Amino acid sequence: MTASQEAPGSASVPPAWARRPASLAKAVTAELVERIVRGVHPSGTPLPPEPVLCETFSVSRTVVRESVKILQEKGLVQVRQGAGTMVTPPTMWDMLDELVLAATIDMDESLGILDDLVVTRRLLESDMANFAARVADDDTVERLRTLVDRMDELVDDHVTYADHDRAFHDTIMQASGNRIARGVVRALESQVINTARYMGKTERALCVASNQGHRRIYERIAAHDPDGATEAMFTHITEAWLVRRNAPSAPVRLQR
Numbered sequence: 001m002t003a004s005q006e007a008p009g010s011a012s013v014p015p016a017w018a019r020r021p022a023s024l025a026k027a028v029t030a031e032l033v034e035r036i037v038r039g040v041h042p043s044g045t046p047l048p049p050e051p052v053l054c055e056t057f058s059v060s061r062t063v064v065r066e067s068v069k070i071l072q073e074k075g076l077v078q079v080r081q082g083a084g085t086m087v088t089p090p091t092m093w094d095m096l097d098e099l100v101l102a103a104t105i106d107m108d109e110s111l112g113i114l115d116d117l118v119v120t121r122r123l124l125e126s127d128m129a130n131f132a133a134r135v136a137d138d139d140t141v142e143r144l145r146t147l148v149d150r151m152d153e154l155v156d157d158h159v160t161y162a163d164h165d166r167a168f169h170d171t172i173m174q175a176s177g178n179r180i181a182r183g184v185v186r187a188l189e190s191q192v193i194n195t196a197r198y199m200g201k202t203e204r205a206l207c208v209a210s211n212q213g214h215r216r217i218y219e220r221i222a223a224h225d226p227d228g229a230t231e232a233m234f235t236h237i238t239e240a241w242l243v244r245r246n247a248p249s250a251p252v253r254l255q256r
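By our numbering, the letter at position 146 of the sequence shown is numbered 146, and the numbering carries on one by one without gaps.
It is worth saying that the hints were derived from the structure and are not from the lab. Keep in mind the model is a prediction, meaning the values are calculated, not measured. Hints may be right or wrong, so weigh each one.
[To be verified] Taking CB as the label site, the calculated pair distances span:
no. : residue 1 : residue 2 : range
1   : T160      : G82       : 54 to 60 Å
2   : V184      : R134      : 35 to 41 Å
3   : S110      : V79       : 17 to 23 Å
4   : E153      : D108      : 34 to 40 Å
5   : R134      : P49       : 19 to 25 Å
6   : V79       : G183      : 29 to 35 Å
7   : S60       : G177      : 20 to 26 Å
8   : E142      : Q212      : 18 to 24 Å
Idealized CB from N, CA, C, for every residue including glycine.
All chains, full assembly: derive it from the sequences and hints.
And the structure:
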């Protein structure tokens with residue numbers, strides 16, 4: 001019996017996921033993703049059989065099968081003849097997937113997954129800054145100058161500062177013309193932009209230091225200095241993350 005079929009006056013309260021507006025299959029999938037990432041269903045072990053999942057989530061076999069299909073698409077499970085639905089190792093998971101990335105970040109006390117995200121972003125944005133310095137026209141250079149100057153005025157307003165910060169980086173990515181790299185960076189950033197573990201502190205001094213990095217990047221692009229722009233972007237992203245990371249005793253893995 002589903003939550004919607006419970007008799008009037010029943011004392012049973014449906015779980016939170018069953019009250020979400022999303023489809024049942026998506027809700028069940030989200031819960032299973034969290035359980036797999038947390039290790040409730042460890043890699044190399046089978047998911048509970050269909051009847052058990054149906055009873056656990058109070059849904060039909062159709063919903064369970066759709067959820068398992070979605071899990072397969074995310075790389076979290078494989079359906080093996082005679083062995084059931086097996087949970088795959090983390091190396092097979094789609095880390096660009098919103099649910100998988102969010103759950104992994106939540107479970108990673110070492111911040112290693114965020115280190116990896118920053119390394120990926122740094123490599124892509126440094127390359128895009130290099131190309132932007134080669135091709136940036138006057139309008140792009142003026143746009144970057146305006147953003148940098150405006151951010152100097154916004155160091156006491158970290159919310160508006162952050163909006164301009166993202167606009168600055170996106171202007172460079174658009175100027176590079178690399179739509180795939182820009183899409184990857186934007187996808188990664190969209191998953192962590194509201195995550196305190198990634199955003200870190202919002203002190204005035206940090207905004208001031210951050211915009212000094214932006215200005216160095218702008219100056220190298222304005223000078224059409226590809227190598228200088230690459231180095232400035234590399235340094236800016238590295239230093240900004242190490243400050244936000246705020247874990248000096250933790251291993252630093254950003255020198256790759």
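- request: Mind listing which of the numbered hints don't hold for this structure, in increasing order?
  value: 2, 3, 5 and 7
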